[in-house]
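Colleague: Sequence:
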Amino acid sequence: MSIIVKAGKAGKRVLKRFLPEEKHPISYTRRIERVRTQQRLVAMTFDDGPMDLPAIPDKFQGRALTDVLLDILKEYEALGTFDVVGDTGENYPDVAGRTGQADWGGVKFDHYPDINQDERGGAANNERLIRRILEEGHQITNHGYRHILFGKKPFVYGKRSYLEGLDAAVADLSRLHNLLRERYGYEMTMGRPPHYVDKMAGGFSSYDVYDQLGYQYMAASFDGAGWLPVNRGSAEETLKGEVEAMTAPMAKILAANPDALSGQIIFQKDGYNMARRTPVAFGLKKQLELLRRYDYKVVTVEQLMAESPFADVGREDPDFEKLNQLQKTRGIVFADNRLRLEAPMTWGELSMLLAPREEAIGRRVQRLRETGAGAHPCWGAMDWCAEQSILKYAMDPDAPVNALPSEFFGTETDFTRRSVYRAFRG
88 MSIIVKAGKA GKRVLKRFLP EEKHPISYTR RIERVRTQQR LVAMTFDDGP
138 MDLPAIPDKF QGRALTDVLL DILKEYEALG TFDVVGDTGE NYPDVAGRTG
188 QADWGGVKFD HYPDINQDER GGAANNERLI RRILEEGHQI TNHGYRHILF
238 GKKPFVYGKR SYLEGLDAAV ADLSRLHNLL RERYGYEMTM GRPPHYVDKM
288 AGGFSSYDVY DQLGYQYMAA SFDGAGWLPV NRGSAEETLK GEVEAMTAPM
338 AKILAANPDA LSGQIIFQKD GYNMARRTPV AFGLKKQLEL LRRYDYKVVT
388 VEQLMAESPF ADVGREDPDF EKLNQLQKTR GIVFADNRLR LEAPMTWGEL
438 SMLLAPREEA IGRRVQRLRE TGAGAHPCWG AMDWCAEQSI LKYAMDPDAP
488 VNALPSEFFG TETDFTRRSV YRAFRG
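Here the numbering used here is used: the sequence shown runs in plain steps of one and ends on residue 513.
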């Protein structure tokens, strides 16, 4: 199965070369994979923990894996982002898949840190580990209370159960959000969907879920590779191979371009790989040594976004400060976290700039509930703008703007996004 997963990832990369570029709508929730920065800043993320079981192989006197990772981060003065689950103990009845396959921890559901050991993982069961993560300055993000897929994923997880729709996903994530807030006094601001499944029943997606919670979608741009097994015969050779798989790609990319990882988000696991081993306990130290050699500072995703919240605009841009303020309350950024400032603005994009966030989201969600599909991403904002007589219902949301409401933009006649955002007086 690990071969199938690798083949699937490679296939996606090949398809991207031949398929038309994916169109992304303006969205309050954006997929944060990397940000634009001229500094050597990088973020390291860890999924599926915390884990109160030892590393395998255990060379740390039985210490919990999460403790081992925290010890290493502290040694290198690095901060991590822990994408935690709540508790997978309710995901039964279930049986384990085969070691080395994607369903190793459960055929119908995931179980962390492993099937029948759910009480050793998750934020609900590991108060000490969560408090240590927070006390040492790391970030925590929402990976779902029960780590259940948001929708179907037939290629790898055809037998998996998934959430019934938007309300079920919001309820699951809210359960973990409320746990962190009420027990630990911590407010999460980002999430990562289990197994990156975005499409959901009823025409909704993970972006709609995060809109409801006020989150950003935390993705990653560089695979730390500690989650895929490498088999080389003996235990020592296998561990060596898995650590090399984590370090060799990073060493290669940095040797070719020392700035290559600037602004990037690295993906790791706080748990077993598919072969029930933990190469991250050994490879993380080597990765951090590499990053230190190239003068990188390892920060949280939140800190990375404080440097710049955009993938294509950094602090060197003359309009950065205004754009940074606008994105906090207005829909101005595409779902892939780009602004594309020099392109013409469309009527739908203009409506997202003008409409209040709650109106744009609420009206679109209601429309989807009524129709089950077919609502343009900007429909809610356009509906509000038309109701306020700012725009007309007849406007094509994807057509370029050829006029601007003077009460918001004065006499501006340049309809590129940069000029429109620069002139906006809302």
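Hints in this document: simulated from the structure, not taken from any laboratory. Take these hints with a grain of salt, some might be off.
What the hints assert, rightly or not - With a straight-line Cα cutoff of 20 Å, these simulated EDC-like cross-link-like pairs (lysine to aspartate or glutamate) come out:
| # | residue 1 | residue 2 |
| --- | --- | --- |
| 1 | Lys146 | Glu331 |
| 2 | Lys373 | Glu389 |
| 3 | Lys246 | Asp139 |
| 4 | Lys372 | Glu429 |
| 5 | Lys384 | Asp310 |
| 6 | Lys161 | Asp139 |
| 7 | Lys373 | Glu446 |
| 8 | Lys246 | Asp201 |
| 9 | Lys415 | Glu446 |
| 10 | Lys161 | Glu177 |
| 11 | Lys146 | Asp158 |
Colleague: If a hint holds in the structure, say so; if it does not, say that too.
Modeller: Each hint, compared with the structure:
1. Simply put, Lys146 and Glu331 have alpha-carbon atoms about 18 Å apart, close enough for the 20 Å limit, and the pair holds.
2. Proposed proximity of Lys373 and Glu389 is contradicted: the alpha carbons are some 24 Å apart, above 20 Å.
3. Note on Lys246 and Asp139: the hinted pairing is violated, with a Cα-Cα distance of about 28 Å set against a maximum of 20 Å.
4. For the proposed pair Lys372 and Glu429, the alpha carbon gap of about 42 Å is over 20 Å, so the pair is violated.
5. Distance check on the hinted pair: Lys384 and Asp310 sit about 18 Å apart at the alpha-carbon level, within 20 Å; holds.
6. The hinted pair formed by Lys161 and Asp139 meets the criterion: a straight-line CA distance of about 18 Å does not exceed 20 Å.
7. The straight-line distance between the Cα atoms of Lys373 and Glu446 is roughly 48 Å, outside the 20 Å bound, and the hint therefore fails.
8. For the given pair, Lys246 sits about 18 Å from Asp201 by alpha-carbon distance, which is consistent with the 20 Å threshold.
9. A C-alpha spacing of about 16 Å is found between Lys415 and Glu446, which places the hinted pair at or below 20 Å, so the restraint holds.
10. A C-alpha spacing of about 34 Å is found between Lys161 and Glu177, which places the hinted pair above 20 Å, so the restraint is violated.
11. Among the hinted pairs, Lys146 with Asp158 is consistent with the structure: their alpha-carbon atoms are about 14 Å apart, no more than 20 Å.
The earlier numbered hints that this structure contradicts are 2, 3, 4, 7, 10.
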